[in-house]
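> Next come the chains, spelled out residue by residue.
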Amino acid sequence: MRLTALLVAALMWLAPLPALAQDAAAIVAENREQIEKPSRQTIGPVIAALAASGDPMADDILTAWEDRRLVIRKSDQAMFIAVTEGDGFALTALDGTAAGSAVAADVTALKPNAGVRGLIATALVQFTLSDPDPTIRADALASIARDPTAEALEPLRASLVSEEDPVLKAQKERLERFLTLRFDADPAARVAAIESLGTDTSLDVRAALNPLVATKRVASLGDPPGNLARTLVPGTDLTTVEAYDILVAASLAPARLTLEDQRAALLANIVDGSVGGIPVAALNTQEARNRAYTALEVAGTVPTAATDDEVTAALAAHSFHEVYVEPDATVTSAATATLAAIDRKVAFMQAADLGLDALSLAAIFFLAAIGLAITFGVMGVINMAHGEFITMGAYTGFVVQLFVPDYTLSILIALPVAFAVTFGAGVAMERLVIRHLYKRPLETLLATFGISIALQQILKNVFGTQARPLTAPGWLDGALEFNDVVSISYIRIAIFVLALIFLMFFLYLMKRTRLGLEVRAVTQNPAMAASMGINPDRINMLTFGLGSGIAGIAGVAIGLYAKVTSEMGADYIVQSFMTVVVGGVGNVWGTLAGATMIGSLQKVIEFLNPSNTLAAQTYMILFIILFIQFRPRGIIALRGRAAGD
Amino acid sequence: MKLSRRTLLASGIAALALPKATFAQAETIKVGVLHSLSGTMAISETTLKDTMLMLIEQQNAKGGLLGKQLEAVVVDPASDWPLFAEKARELLTVSSVDVMFGCWTSVSRKSVLPVIEELNGLLFYPVQYEGEESSKNVFYTGAAPNQQAIPAVDYYLEELGVTKFALLGTDYVYPRTTNNILEAYLISKGIPKEDIFVNYTPFGHSDWSKIVGDVVALGADGKKVGVISTINGDANIGFYKELAAAGVTADTLPVVAFSVGEEELSGLDTTNLAGHLAAWNYFMSADTPENAAFIAAWKAFIKDDARVTNDPMEAHYIGFNMWVNAVTAAGTTEVDAVSAAMIGQEFPNLTGGMAKMLPNHHLTKPVLIGEIRADGQFDIISQTEPVAGDAWTDYLPESAVLEADWAELKCGMYNTETSTCVQLKSNY
Amino acid sequence: MTRRSFFARNPSALIFIACLAVFTLAVTLMSEAYGPGLISTSFVKTLGKTLCLCLVALAMDLIWGYAGILSLGHMAFFALGGYMIGMWLMYARTEEIVVTALAQGGLPATPEEIQQGIATQIFGVVGSSDLPAIWSFAHSLPLQLILALAVPGLLALGFGWLAFRSRVTGVYLSILTQAMTLALALYLFQNDSGLRGNNGLSGLQNLPGLGDTAQDLVSIWFFWASALALGLGYLTLSWLVSGKFGSVVRAIRDDEARVRFLGYPVEVYKLFLFTLTALIAALAGVLYYPQAGIINPAELAPIASIYLAVWVAIGGRGRLYGAVLGAAFVSLLSSLFTSGRLPDIPLGPASLNWVDWWLVILGLSFVAVTLFAPKGIGGLFDRFQHIGAPDRKGAQLGPDDGSLQEQEAQK
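Chains as they are written, first to last, in my numbering: chain C, 1 to 645; chain F, 1 to 428; chain P, 1 to 411.
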């Protein structure tokens with residue numbers, strides 16, 4: 001508050017005539033200490049003085065300061081404006097004269113914090129709103145939008161006329177309405193501005209409207225003061241404790257006696273081993289202590305504390321209300337109506353956004369599980385090392401990025417390389433271990449678990465325990481924003497597309513190719529398939545390699561949106577198993593259904609309990625356990641001989 | 001003195017059985033290093049093990065301590081909390097170490113506490129933590145909440161004008177307690193409870209889109225929102241990637257993190273994160289000759305120019321050197337003597353100024369706030385005067401009355417209201 | 001038909017009990033409490049904990065090795081038992097501290113104050129000061145001991161009833177049990193669950209009322225209790241599997257459908273075994289956690305139960321002593337390799353650091369055991385006793401596993 005007042009004073013002082021031109025360098029010198037270690041609380045007047053100095057250098061100094069280009073030369077503690085030049089800086093003295101150059105190590109740059117930078121930007125607004133450079137004008141608008149003040153309204157309206165850029169003009173008009181509805185003196189103008197917003201769901205619209213309908217709780221003996229929002233009934237709208245706290249805070253009633261205070265009061269009044277006639281040794285129940293305290297109250301040695309009856313009486317005597325902070329009722333009712341319309345629309349948008357999140361999570365689960373759907377679902381092999389294949393894929397991506405610095409190219413290379421690496425690992429594992437255990441499925445579980453912990457530790461020994469960066473190409477940065485509520489990041493869309501591609505690929509492979517036919521044949525009846533001239537060994541090897549290879553690609557995708565550590569795969573293994581089992585073994589549509597169900601379920605629970613994500617995971621697993629009781633073979637169960645067992 | 005036959009016999013056997021051990025003890029001073037080298041915490045703790053090995057090597061190069069060489073005994077508690085207690089007991093009784101440096105998570109410290117209090121060991125704990133503890137046998141060289149969290153919130157309130165807070169944390173004791181303290185503090189500063197959004201996520205959480213969306217939506221009522229993150233370890237990577245993807249910039253929605261340092265940032269591309277904040281007592285970018293020497297020594301020791309230094313490493317650096325000085329001052333490695341000599345020890349911080357060991361076994365440290373730079377380092381934008389670590393926070397009613405003082409009161413949990421020592425051992 | 005005595009029919013039980021007794025005696029005489037201290041207290045604790053792990057491995061062997069149900073969730077029952085006893089240990093120890101502290105305060109404490117003090121002490125660490133409802137019985141050791149068996153037992157009964165009723169078998173059951181332990185672990189990780197979240201219950205080694213007793217003594221007492229429990233458990237289980245009941249159980253493992261057609265209520269047998277093994281696991285947990293000193297939800301993580309299966313596999317399934325050997329062997333080896341006291345092995349330019357490579361060796365040895373020694377360590381005893389598997393070569397003649405094979409048919 002004080003800060004704003006100071007700024008206002010400073011601005012008012014400068015606004016009419018900057019006749020008292022003062023040398024900017026002198027102002028800096030005067031306030032040197034503050035400028036070196038600025039605080040938002042106190043630096044306001046200095047910035048205002050600089051902005052008002054009329055010295056053409058003031059603008060440069062402020063801009064440089066904001067950009068962290070105001071430097072101090074270590075040798076003589078002189079201050080300069082610096083411009084990066086090669087390895088060092090070209091220096092300009094504060095009075096505008098060139099002052100040679102310096103290497104980076106010889107100077108210390110001033111680093112104002114974000115709050116101070118915001119103040120500088122606000123101070124520069126009046127110049128920058130009409131700056132010839134549109135990007136600077138856009139920055140000025142952003143700065144007003146961040147810290148809307150009543151003072152910005154006039155310069156903004158003034159700059160509207162001369163604005164030529166249509167985009168910026170629209171932005172300025174929008175911002176003008178926001179400022180109008182908050183700061184204009186004429187209530188009619190404010191209501192008009194509010195109503196002009198319609199059902200715009202943008203965050204900035206809601207951010208502008210919501211402060212208008214902010215309320216506070218008050219207690220009063222008679223009629224409610226101010227612009228009433230609603231009346232509160234203690235016991236239903238607010239608890240009696242809360243209601244009484246309001247009374248106490250407003251000094252309308254005495255405070256209740258806390259147990260600590262009672263204890264302290266009793267301790268202070270021990271006379272000859274007893275308090276209020278009750279021996280200290282007997283004070284080992286609350287009831288006895290209350291009696292002692294009452295005795296003291298009667299004797300007048302301690303102040304009277306509110307009893308339960310008095311509390312009830314006080315609550316009954318007062319009425320409780322929520323009143324708007326904004327005094328004008330027409331403004332608040334217009335804002336409430338507009339917000340109600342907006343909120344209905346926002347609720348729909350939130351549902352849509354939740355749906356997108358759920359889809360995206362489902363895609364990630366699907367991608368992590370599809371490799372497993374092949375090895376576990378089709379071949380019946382429980383591969384506990386599946387998670388480590390995901391990790392290997394991600395690390396392959398990291399290694400490729402070490403050699404190929406272009407992120408787009410490196411991802412394009414990383415995907416097939418990751419496939420090749422994990423395909424190789426999968427084939428090796430199948431040949432060396434799993435092949436010998438086809439008849440003992442539970443033992444495959446143990447053997448692959450052994451491989452899993454060995455692989456995890458080897459990866460840790462090779463790559464270290466620190467997370468490694470795997471960076472998405474620039475065109476995947478950012479998010480696809482439908483509006484301020486519904487948005488999804490491009491990287492998640494990419495993962496979604498990748499999951500779709502694999503679904504297609506898998507379907508094509510299994511239904512339309514020779515290999516797929518042979519895989520299905522070997523799965524259903526290896527002996528018969530062998531008698532038809534299919535080599536089951538080869539098919540098993542290829543199928544397992546394929547499942548592992550897809551895990552590798554999933555690893556690259558998961559690494560792009562989350563972390564790359566030696567334990568990333570382990571996070572997905574149990575969830576992947578559940579995806580496959582819930583969906584139904586041996587059917588890719590089942591895996592898809594399982595992933596969708598688990599993904600959406602998790603998001604819905606998260607929505608219901610937003611403060612605890614862990615609970616969402618717990619309840620999701622509980623649900624899965626119950627679900628399997630009722631559909632032991634999953635959502636899409638195989639029928640007939642293929643169901644096996 | 002009464003000598004029974006049985007004690008004589010027992011000591012005779014002991015003398016026969018243990019000559020080797022006593023001989024070995026005379027040669028070196030053993031330093032136990034109790035950091036997880038495998039499991040989930042290895043990501044953070046392995047670095048600290050290497051730091052300790054480096055510090056011990058440096059000290060040995062300087063001629064050791066009390067004329068003896070130092071010997072590191074490294075064990076691996078494997079991020080398994082019961083194993084921390086077991087390994088601590090092993091270090092104290094089997095390896096007979098004179099001091100231990102170790103632990104990262106609060107739960108590992110709580111696991112070790114009963115053992116070292118029982119066997120009168122000595123532990124240096126280097127990580128920022130939630131406070132509410134002061135053990136006779138532990139020296140806390142990391143930050144207490146008032147040395148990290150509270151100043152960071154002050155920075156939000158005063159410098160950035162934040163009026164609505166999102167407290168995001170991993171679901172374990174440090175974020176829980178810190179957020180409790182912060183909630184009480186914010187309410188005392190006039191922030192209403194409904195303007196404080198709290199969310200807890202599991203360790204290693206990776207699906208952040210909904211939470212980031214929720215936080216962005218907090219700005220809908222026109223208040224300036226700030227995020228206080230106690231998200232731990234590698235879950236941060238997904239969190240920051242999602243922030244960047246959602247276009248959340250530090251100007252509109254700043255994030256201040258208490259568990260994100262140079263080490264964690266090395267796992268991601270920081271170009272989109274520039275301007276977000278972290279609060280620590282040390283940043284690698286601190287411009288002092290001591291820090292330059294430390295970084296150079298570290299890079300030479302680890303033989304990797306890309307490795308970074310971080311706050312817990314500085315804590316070990318200060319802790320180890322203070323211990324060396326205290327042992328020199330006491331002339332022995334005996335725990336009680338060293339503990340007494342520790343209090344009041346001073347040693348230069350890597351960020352300038354002196355760290356001082358207080359009677360409550362915490363340090364005075366300056367609080368630094370840094371803005372993330374595009375190169376994964378931090379711009380130090382605020383550095384306070386040294387703050388004295390407070391074992392029991394002043395912002396929770398139960399703790400406000402407690403005090404720790406091992407010099408005068410000889411108690412780690414002293415109730416100033418009733419003037420009694422609540423308990424001598426600590427709470428675990 | 002003459003019935004020979006139990007030990008005559010089960011010589012291994014007698015040998016086992018004898019070995020256990022000798023071992024217990026030897027450890028006692030070498031401990032710091034009752035001997036010259038050749039075995040450190042920390043190692044006595046490790047041995048005591050190992051005995052508890054052997055007991056839970058016995059349970060695992062019964063359910064997996066004998067009945068063929070690969071449960072990947074038995075460590076959940078183990079940990080639940082630990083949690084229940086931990087609640088009492090923590091409550092009672094805290095009560096002592098609180099009562100002493102309040103007694104110095106001038107006024108005698110009210111029950112509410114004591115209750116409040118305990119709650120603040122226990123939950124202050126995780127930022128709360130109310131005692132949740134599940135702590136209602138924590139003040140009483142007998143009640144909490146009953147809970148220590150009842151809670152895991154009822155959970156196993158309920159879960160088993162649901163699972164076996166809908167005929168979930170094989171790999172599906174394994175994954176379902178894994179989901180159960182994961183759900184439970186995630187639930188306990190939440191602070192709201194009232195068991196201190198990730199911090200768990202700690203300081204359990206300090207027994208209430210025995211604050212002045214040295215851990216040297218306490219550790220050996222628990223070691224005895226663990227040995228006794230293991231011995232009794234071993235006798236009970238070998239009695240159980242040696243009779244007709246054991247035959248039915250093994251038959252269920254080998255061909256469930258046939259046993260069902262013969263008229264046995266397979267589901268009842270399975271449910272009984274599942275619940276019984278859960279109770280044994282819970283008992284082991286009750287003895288284990290006061291020795292470990294801390295319990296937290298990570299103990300219920302799926303990996304713990306997988307390790308349990310691995311111990312049994314390495315020791316040798318379907319034989320009780322195999323399970324004990326496997327658990328003891330692997331867990332003691334683990335403890336040795338992570339101790340950091342083994343010297344590095346120089347390998348030319350690099351060196352093999354045991355702490356870094358121990359897990360790799362362990363992992364690969366699982367693979368080796370499953371591939372080359374499916375009978376595990378127990379197989380060595382077979383070789384010693386000259387019990388060999390029939391030398392089976394050639395292709396199978398029938399469609400099922402175990403059918404007659406070519407060379408056998410020619411004989």
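Among the hints, erroneous ones may be present.
[Claimed, not checked] Partial chain P-side listing against chain F, Cβ under 7 Å, derived: (1) Asn10; (2) Ser12; (3) Ser42; (4) Ser193; (5) Gly203; (6) Ala292; (7) Ile294; (8) Thr338.
Since the hints were made in silico from the structure, they are not lab data. Everything numeric in this text was worked out from a predicted model, so none of it was measured. Ideal Cβ positions, reconstructed from N, Cα and C, are used throughout, including at glycine.
> Each of the hints needs a verdict: does it hold here or not?
Checked hints:
| no. | hint | verdict |
| --- | --- | --- |
| 1 | Asn10 | violated (34 Å) |
| 2 | Ser12 | violated (31 Å) |
| 3 | Ser42 | holds (4 Å) |
| 4 | Ser193 | violated (11 Å) |
| 5 | Gly203 | holds (4 Å) |
| 6 | Ala292 | holds (4 Å) |
| 7 | Ile294 | holds (4 Å) |
| 8 | Thr338 | holds (4 Å) |
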